[in-house]
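Undergrad: Spelled out from the first residue to the last, the chains are:
There are 2 protein chains.
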Amino acid sequence: MIKFPVLEVFGPTIQGEGMVVGRKTMFVRTAGCDYGCSWCDSAFTWDGSTKEDIRMMTADEIMEGLQAKGGSRFDHVTISGGNPALLQNLGELINMLHDQGVEVALETQGSRWQDWFIDIDDLTISPKPPSSGMKTNWQVLDTIVNRLADSGRQSHTSLKVVVFDEEDLHYASVVHHRYPQVDFYLQVGNDDLAEADPAILAAKLLEKYQWLIDQVMQSDMLNHVRVLPQVHALVWGNKRGV
Amino acid sequence: MIKFPVLEVFGPTIQGEGMVVGRKTMFVRTAGCDYGCSWCDSAFTWDGSTKEDIRMMTADEIMEGLQAKGGSRFDHVTISGGNPALLQNLGELINMLHDQGVEVALETQGSRWQDWFIDIDDLTISPKPPSSGMKTNWQVLDTIVNRLADSGRQSHTSLKVVVFDEEDLHYASVVHHRYPQVDFYLQVGNDDLAEADPAILAAKLLEKYQWLIDQVMQSDMLNHVRVLPQVHALVWGNKRGV
Ligand code: SF4
Ligand code: SF4
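Chains as they are written, first to last, in full-length UniProt numbering: chain Z, 1 to 242; chain U, 1 to 242.
Hints were generated in silico from the structure; no laboratory data involved.
Given the structure is predicted, the values throughout are model-derived calculations rather than measurements.
Keep in mind that a hint or two might mislead.
Where chains are identical, the list cannot tell them apart; a pair therefore holds if satisfied intra-copy or between any two copies.
[To be verified] With a straight-line cut-off of 27 Å between C-alpha atoms, the simulated DSS-like cross-links for lysine-lysine are:
1. K51 x K204
2. K208 x K135
3. K239 x K204
4. K69 x K239
5. K69 x K3
6. K3 x K208
7. K3 x K204
8. K135 x K69
9. K69 x K208
Kindly generate the complete structure, drawing on both the sequences and the hints.
TA: Encoded structure:
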């Protein structure tokens, strides 16, 4: 059986972002990313700092890990990274979860297509804005969005752009207008990854969230959109695995 | 033309609750409610305190009011109350909004059916838990949920229960298991309607939200659910019209 590089299996907790924000879910975090965003809040998945924690796990073992932690208290699993779209054979895990009646969410930056995208129940494509230091490959992104649409997966797909500044906001506008038919989410970024006091972090994040809301409300280029806070950071601060 | 009792027209702002949380939207708040919840945060819509502010408006006039405030910066309107389901002819406004390419969300406690429910794009039925002091009419609620399902409106419908205490949480469980096929949202209630400092209110609300998350995560009766904070109160405190 194929093995996948897994860094964390935890939950149940809530999904803190995007199209199913608030959803009760388990998390499986895979290691490895083809990007290196300046403000990555999961840099430990790719910067080598937790290399010794990576476990090579089969779909069966992941399933066991989920059941050990979640028991009968979940029916939804979020696969996050890093970029889980690097894993060509992930369909095996997705099918196994579906066989157990479990729904599957996944987030990827949209740098690579995988055929199993069309099996994901809640697929978030999150292209990275200029502040990340990354460059969007529009051709690949076009392919991904078009293939999902052609496969009738529009209601299972969303786009999400994290916004740190005005340039990012402009980028968000460009993405939204390139794919107007796809549900679009804006989210304020957390660049306070060192802040240890959750209350101080929450106050800062709410202030930034209010700024983003104000910007979007003033714009007539961003109407059919949703603007969300980072719920996990609001509630638990910069703590991992919650 | 029919006239509707309107208390506020404002926006654009974000939807702070439920199935389209974060959605850029305008608000139309109608006056009048057949309930009197102990913790109602919109008591001014029915307790007589803002009686002189109620304007009797035609759908045309409401449309003008929306355009005056929102210009070209919106494509979504939320009709809230009070209980807008008291207004039998609201279909006239809903049709006019749809003719302009505007989507319509509406929230009601589920005490009364209206034929125009099947035209609402995002319909939230929010039956009130014991702490409200109100009694649910299950027969009416059954009728509403069944008619929406029979009309193929399931993907446009959600249930939402506001939770203040453990008894409310049990009630939420009962609602969810009575209508397992309907998307289900839990929300923490705000019983600090007098708190004037948004930062203090935000801290309290986040603490309660964390309590609700913990409860739901421990339960195997609440799996296919979403748990959300009250985003408006987090960002703007107890301020009205934002
Ligand atoms: S794509 Fe995501 S995981 Fe990869 S570096 Fe960027 S933020 Fe981090
Ligand atoms: S149903 Fe809603 S508007 Fe009516 S009293 Fe209860 S909380 Fe207030």
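Undergrad: Does each hint hold? Answer for all of them.
TA: Verification of the hints:
no.	hint	in the structure
1	K51 x K204	neither (32 Å within a copy, 39 Å between copies)
2	K208 x K135	within (24 Å within a copy, 40 Å between copies)
3	K239 x K204	both (16 Å within a copy, 20 Å between copies)
4	K69 x K239	within (18 Å within a copy, 41 Å between copies)
5	K69 x K3	within (20 Å within a copy, 56 Å between copies)
6	K3 x K208	neither (40 Å within a copy, 40 Å between copies)
7	K3 x K204	neither (40 Å within a copy, 44 Å between copies)
8	K135 x K69	neither (38 Å within a copy, 38 Å between copies)
9	K69 x K208	between (34 Å within a copy, 24 Å between copies)
In summary, the numbered hints that this structure violates are 1, 6, 7 and 8.
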